[in-house]
Amino acid sequence: MNIVVCIKQVPDTTEIKINPATGTLIRDGVPSIINPDDKAGLELALRMKDLHDAHVTVITMGPPQADNALREALAMGVDDAIHLTDRKFAGADTLATSHALAGALRNLTFDLIITGRQAIDGDTAQVGPQIAEHLDIAQVSYLRKLDYDGKRTFTIERSIEDGYEILETEAPCLVTVLSDAFQARYMTVKGIMEAYAKEVKVWGFNEIEVKEEDLGLKGSPTKVHKAFSRGVKAAGELYELDTDEAVGTIISKLKEKFII
Amino acid sequence: MENSTYKGVYVFAEQRNGEIQKVALELVGKARDLAADLKEKVYAILLGHNIAGQAQMLIEHGADVVICADAPELESYLTEPYTQAMCHIIDLHKPDILLIGATTTGRDLGPRVSARVATGLTADCTKLEIGEDKHLLMTRPAFGGNLMATIVCKEHRPQMSTVRPGVMQSLEADTQRQGEIIMVDVPFATQKFKVRLVKSVKEKTSKIDISEAKILISAGRGMGCCDGLNLVKELAETLDAQVSASRAVVDCGLVGHDQQVGQTGKTVRPDLYFAAGISGAIQHLAGMEESGYIVAINKDKYAPIFQVADLGIVGDARQIIKKLNDRLKN
Ligand SMILES: Cc1cc2nc3c(=O)[nH]c(=O)nc-3n(C[C@H](O)[C@H](O)[C@H](O)COP(=O)(O)OP(=O)(O)OC[C@H]3O[C@@H](n4cnc5c(N)ncnc54)[C@H](O)[C@@H]3O)c2cc1C
Ligand SMILES: Cc1cc2nc3c(=O)[nH]c(=O)nc-3n(C[C@H](O)[C@H](O)[C@H](O)COP(=O)(O)OP(=O)(O)OC[C@H]3O[C@@H](n4cnc5c(N)ncnc54)[C@H](O)[C@@H]3O)c2cc1C
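Which chain is which? The protein sequence lines are A and B, in order.
Residue numbers for the first sequence follow this note's numbering, so the first one is 1 and each next one is one higher.
Residue numbers for the second sequence follow this note's numbering, so the first one is 261 and each next one is one higher.
Please note: incorrect hints may appear among the correct ones.
As the list claims (entries may be wrong) - Calculated cross-link-like contacts (lysine-lysine; reagent style DSS-like; alpha-carbon spacing at most 30 Å):
{"id": "1", "chain 1": "B", "residue 1": "Lys559", "chain 2": "B", "residue 2": "Lys583"}
{"id": "2", "chain 1": "B", "residue 1": "Lys394", "chain 2": "A", "residue 2": "Lys226"}
{"id": "3", "chain 1": "B", "residue 1": "Lys354", "chain 2": "B", "residue 2": "Lys299"}
{"id": "4", "chain 1": "B", "residue 1": "Lys301", "chain 2": "A", "residue 2": "Lys223"}
{"id": "5", "chain 1": "A", "residue 1": "Lys223", "chain 2": "B", "residue 2": "Lys414"}
{"id": "6", "chain 1": "B", "residue 1": "Lys459", "chain 2": "B", "residue 2": "Lys493"}
{"id": "7", "chain 1": "B", "residue 1": "Lys354", "chain 2": "A", "residue 2": "Lys218"}
{"id": "8", "chain 1": "A", "residue 1": "Lys151", "chain 2": "B", "residue 2": "Lys459"}
{"id": "9", "chain 1": "A", "residue 1": "Lys17", "chain 2": "A", "residue 2": "Lys223"}
{"id": "10", "chain 1": "A", "residue 1": "Lys211", "chain 2": "B", "residue 2": "Lys454"}
{"id": "11", "chain 1": "B", "residue 1": "Lys561", "chain 2": "A", "residue 2": "Lys255"}
{"id": "12", "chain 1": "B", "residue 1": "Lys559", "chain 2": "A", "residue 2": "Lys145"}
{"id": "13", "chain 1": "A", "residue 1": "Lys17", "chain 2": "B", "residue 2": "Lys387"}
{"id": "14", "chain 1": "B", "residue 1": "Lys493", "chain 2": "A", "residue 2": "Lys257"}
Unchecked claim - Just a sample of chain B residues kept apart from chain A, beta carbon distances all over 10 Å, derived:
{"id": "15", "residue": "Arg292"}
{"id": "16", "residue": "Asp330"}
{"id": "17", "residue": "Ser374"}
{"id": "18", "residue": "Pro447"}
{"id": "19", "residue": "Lys493"}
{"id": "20", "residue": "Arg529"}
Calculated directly from the structure, the hints in this document are not laboratory data.
Using N, Cα and C, we set each Cβ at its ideal position, and we do this for glycine too.
Okay, chain B solo, but in the shape it has when bound (with noise of 0.2 Å):
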């Protein structure tokens, strides 16, 4: 494969129900980072129909162009349209890099179109970086979290990965930031369409978004129960928080899936993580220790959590978090 004509950093910017996702837009933003280290553009794919409009949200937040195909056929997510449409657009554009959220999407979608252009797809990536010979480094967590591997992909192109949400920062929106946009037809094989959405469903989510909040008090087992987690809340309401929790917390039915921090959880980097009892295990670190400032209260000096903290605190959580309320409030 002669590599230099593969050119330009790409992401494939996924939109739910006509909604740029928030992923999409972490990843313009890394890409952004890439492209520059690389003096190439940033291109942003979006699939859909009716969704035209969205492309300059895309520019607005860092891609130079961006590719559409619009067609009802890419109303909803289905695998074959979705990849007939990016393995259409990978052959006409031939991208040097191929950025991908790991959402439930990205990660059916990923691995269908490496395969289907024989290039290799790193999974879950949580740092991306030029490496000295201008390939893609790609680290991801494997081994459920205890290992760190860095992966390359010399010989193929594109240089395929799809990303963790929440890891990436995305850029300010720029109004006034000029793009192109390019609109391509995707001669559908319609005859390999196999598969038919009869419904989405959604089930009862709450409005919190723990992975958007600029700061996270969360509770471990070590708050206890009820009156432990009152105290939890009542802090998150005098810093203007949100409350997440370990897996631990989650388990016992005190907060709410969507709450729960780390690798089958949310990844989160507020400003401010507070972790109230939790020890610290290594799939929780996996999804907070990216946090901007970290404190962590716990009685047992031991704790994992300590090795992440900013600030670390071996005390009775509940004490000093009931004692931190009455203070903060006078």
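Pulled out of the complex, with its shape left as it was, chain A reads as follows (with noise of 0.2 Å):
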């Protein structure tokens, strides 16, 4: 069984600040980690490997410091990694992204496919299900739970908004992954001295198979008009009061606003 993992790079946006003044995003100093949706895909793909001796490959495609997101996956026990980056990469809305990564898999041989659901900067969870349509194979998004019967067929719980499904396919497939589906392992130490000593193959263009005008900012149907920070909504009242005249206040507010 030959498993591959899609990670992405992305930034801690729990730690990410705006500039009140400019209104941008201050990324300077947020740490950049592996998207946790795909941490729980690498998990998945590891339990794989340890109970059905799954060959694992994770693969990115990111600038060239996304390489310490491969090496922290192969410090956590994967077989291969594959670093695509190339400058007719940049730019990509999900489509073309999800085009690149599409031609990279073509090279490689995989049952199983594993995507995180959703990435936490863009935020899209589109690029799962764009890889799987590329490649003619089925998809199973937000999986929480996958059984293998070791021949061909995945049993696959999928979370929805009242419960979860329970599907089943056949290799090979792709599947998004929510990040508390799986709690993902640590390091361990050999792992990280030996995941420095590993080759990590790197991919541009050239070595993948996908048509130059799917690419990059060429391939994007989408463009990004403009970027804000929200908006913050006109300040409305704001009293210190002692407790009976906040009582007051808010109930003369309510009825003013029939709401009471």
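Starting from two chains that each stand alone, build the complex the way the hints lay out.
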């Protein structure tokens, strides 16, 4: 069984602050991490390795520093790592991102492709299903549990709003994983030592099977027209009052608004 | 691509177990605004089995045309049959705009369809409007709610977007409203059906749906534990309101996850949102800042909740609510 896990290096968005003067994101000093859903995906793959002797490859598309994310995955125990990087990939929306990743996946053998459900920076949850479409394989999103019969069949629990679905499908397929489904293991000291000795394959446009017009800015039907920090709504009234006055103010305001 | 052959504002009218979902009606409501700006029609796409009877409801809520595929293959949602049906309808009707609810169904279906028809998809939008050049401006939160981005898709059609449930407003049903219903036969390629639904399991959910509430009394960590929560419940009862909460309160197990407001909970827009002891983290604000009137009580006058509150009270929420309960009862 061959598994490929797609991971994205993301800024830890819980650490992001907005510059109040310019309204832009302050990214300096914000740590880069493996996207949380993808980390759960790595854990799922490694459990399949433990249970079914799966061979696990990890792939990321990103700038040179994304190498760190791959090293971390290697230290957790994955077998191979591929780093997709090329100027031609830059400026990609989800469609172009998924084309690049699918182009690389065409070079690999896989029974199962694992992506996170959603990256915490772009927040779209679109790349996984789009990869599955380009590769013409089945997808199951919002995975919270996976069983494998050791032959070809996966039984999957898929989270939905008011419960879950149980679905069955055969390899090859793509699943998108929720971060709280699998608690990721820690890197081992031995793993960390070995991770830096291992080779990470670096692939660019020439190494993958994809049309150039499907990549990067050119291959992106969506464009960010503008970005802004959420507008602060006109400040309302703020009172520092003693309890009685506060209660009186609340009641009169609610009456004024016909709420009570 | 010749964009001018693409016309009309289309909505994927999600149904589950034969029931049209609320988000579908919200999108039809929004589609009416967009269609008015473009001088085009609103189309609802209804997929299911023995479902055609529901079409009239979509018309009553604002659809001009319902395009319905009624087939056993579409009984329950599965990615491939639904993608085939959507793509068939897109090929046939050439929508200018296609809106899909950002539910677990919509966010599974949307990207698959957009990749198959090779167009753009904007995720989880909270605002939609028509720009000066008649393109759709799709605004959405990213970076965990820290940033808003307006996305356009100028060269490809349809302009597709998934839209967050609870954000757009549905119209009152007009039982007199007339519309057209078009039935389509989808030529399914069944050899591509690879996933089987074994069963669908409901997990315990309370009957309360906070996204439907007119008044929400929302508790944060500042209300403290049980007794504080009881004060909130009491106030809710008096005002005929529902109780909701921040994640901090949900995490400590005092109220259910289905009552959580925010990015990883529900988006709400009640007439009154009463935030008691909630700091107003960005992930919380993302779920409630569209509320009609926001009252916040917090002992910290710099709490970010005050930036969105219409009425902010700096003080001890427990004492104030206790007294408020007494006063309202007399
Ligand atoms: C503010 C902003 C808004 C945006 N809005 C949109 C939009 O609405 N529509 C759109 O099409 N694009 C949008 N983009 C572009 C989009 O963020 C990028 O294309 C991004 O590379 C992929 O999207 P994502 O981060 O949302 O990933 P998701 O689709 O959320 O990622 C899902 C999973 O796919 C895998 N994955 C994603 N990226 C990579 C990667 N580089 N390498 C390996 N695996 C990966 C991971 O397993 C990940 O968990 C936006 C960008 C910005 C900055
Ligand atoms: C990825 C992610 C997703 C998240 N999603 C959500 C979400 O969906 N919803 C959500 O709510 N949170 C979410 N959070 C968590 C969020 O960041 C905050 O931690 C959370 O909202 C805090 O809840 P709180 O305001 O109740 O508690 P706190 O932040 O602890 O605030 C308590 C407040 O009560 C005030 N206070 C204390 N005592 C009193 C008193 N006696 N009277 C009046 N005021 C008092 C304090 O001044 C303080 O402002 C998410 C976080 C992450 C990282």
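Tested hints:
{"no.": "1", "hint": "B/Lys559 with B/Lys583", "verdict": "16 Å, holds"}
{"no.": "2", "hint": "B/Lys394 with A/Lys226", "verdict": "17 Å, holds"}
{"no.": "3", "hint": "B/Lys354 with B/Lys299", "verdict": "16 Å, holds"}
{"no.": "4", "hint": "B/Lys301 with A/Lys223", "verdict": "26 Å, holds"}
{"no.": "5", "hint": "A/Lys223 with B/Lys414", "verdict": "8 Å, holds"}
{"no.": "6", "hint": "B/Lys459 with B/Lys493", "verdict": "37 Å, violated"}
{"no.": "7", "hint": "B/Lys354 with A/Lys218", "verdict": "23 Å, holds"}
{"no.": "8", "hint": "A/Lys151 with B/Lys459", "verdict": "22 Å, holds"}
{"no.": "9", "hint": "A/Lys17 with A/Lys223", "verdict": "24 Å, holds"}
{"no.": "10", "hint": "A/Lys211 with B/Lys454", "verdict": "27 Å, holds"}
{"no.": "11", "hint": "B/Lys561 with A/Lys255", "verdict": "25 Å, holds"}
{"no.": "12", "hint": "B/Lys559 with A/Lys145", "verdict": "43 Å, violated"}
{"no.": "13", "hint": "A/Lys17 with B/Lys387", "verdict": "23 Å, holds"}
{"no.": "14", "hint": "B/Lys493 with A/Lys257", "verdict": "22 Å, holds"}
{"no.": "15", "hint": "Arg292", "verdict": "24 Å, holds"}
{"no.": "16", "hint": "Asp330", "verdict": "22 Å, holds"}
{"no.": "17", "hint": "Ser374", "verdict": "7 Å, violated"}
{"no.": "18", "hint": "Pro447", "verdict": "18 Å, holds"}
{"no.": "19", "hint": "Lys493", "verdict": "17 Å, holds"}
{"no.": "20", "hint": "Arg529", "verdict": "13 Å, holds"}
In this structure, the earlier hints numbered 6, 12, 17 are contradicted, and the remaining ones agree with it.
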